[in-house]
Amino acid sequence: MDIHTLDITKEHCPMTFVKAKLVLAKINSGDVLEITLKGGEPLENVPKSAAEEGHRILSIEKNGESHVIKIEKN
Amino acid sequence: MRDYTEDQLERYSRHILLKDVGVEGQEKLLDGKVLIIGAGGLGSPAALYLAAAGVGMIGIVDGDRVDLSNLQRQITHFTKDVGVWKADSASEKMRAINPEITVHPYNQYLFASNIREIIKAYDFVIDGTDNFATKFLINDACVFEGIPFSHGGILRFDGQTMTVNPGESACYRCVFNAPPPPNLVPTCSQAGVLGAIAGMLGTIQATEALKFLTGAGNMLYNKLLTFDALKMDFRTVNLRKNENCPICGSHPVITELVDSDPAVCDL
Ligand SMILES: [Zn+2]
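Each protein sequence line maps, in turn, to chains A and B. This note's numbering puts the first residue of the first sequence at 1, with every later residue one more than the last. This note's numbering puts the first residue of the second sequence at 1, with every later residue one more than the last.
So here's chain A without its partners, still in its complex pose (with noise of 0.2 Å):
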């Protein structure tokens, strides 16, 4: 099980999930993405959309301005 990591802090809608399932589609099943992004939308819609296309979504903590939430591939 590898640990990937993935800055969004600077996209926005839609390109936020674009970036996030291009990292998904490339790591293994069973890996862990932490992605790195910030409040409102992005925060609200990315964990929703990993979760829709399967994924398992293991927590999500505030981190100064921005939040981390970590997935794991399906």
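No lab work stands behind these hints: they were computed from the structure. Incorrect hints may have been included.
[Stated by the list, open to error] So, partial list: chain A residues that the calculated Cβ filter (under 7 Å) puts toward chain B: (1) V18; (2) K21; (3) A25; (4) K26; (5) G30; (6) V32; (7) E34.
For each residue, glycine too, the CB sits at the ideal point set by N, CA and C.
Chain B with the ligand: place on chain A using the hints.
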């Protein structure tokens, strides 16, 4: 998996976001090869959408040049293109939409002697032709080569389409058997066609090609979709493979390609 540039990610973002396409599906489109036969009413919208989708290699075949009367429905051709080879004109627009894809124009007609050589480089074929002789030729060549294809036809306000997976689903001859006698086929100058229905049907055919390449959804195999745009009525008739089909039945009588007289109709 290829390394996407920022521009590519943005260009294809609306595909990547789709659960049934995604990065993997876009990858298949970029690796996909589609041949469009006929750069007319059906081939025009199909060419534009496939180029926009990033289909990696697109061939387009047409032995005709753009005529002023084509512009009412053949939307890859512009007024400045009158007199230009249709395949070249369509290729120019495809490259303008998406410079990253490979486009092969074939400024020629297809015959029994050259069709198999051309189609076998492709994964999927779109029949956007306007005459029965070529439609049967495409069916037979695709059955022999085992290449899936989308049949399409339009006249007046009506359209019909089916997708054929050779050997697995009903082919065009399973349903229609043989070309009608030329004197029974209305020519388009007599029949006419509403320009926009070419777009309705051509985009259905492009959708089938994109579904085939990505594996999304269910293909229009063993189904004939027809519409009457006057009533905006769509119907789907279930079909099945015909045991007595002259080319894909249990005792095929067609064992090689032959040219028949085209009943020319410029759709
Ligand atoms: Zn058949």
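Original post:
Are there hints from earlier that the structure breaks, and if so, what are their numbers?
Top reply: 5, 6 and 7
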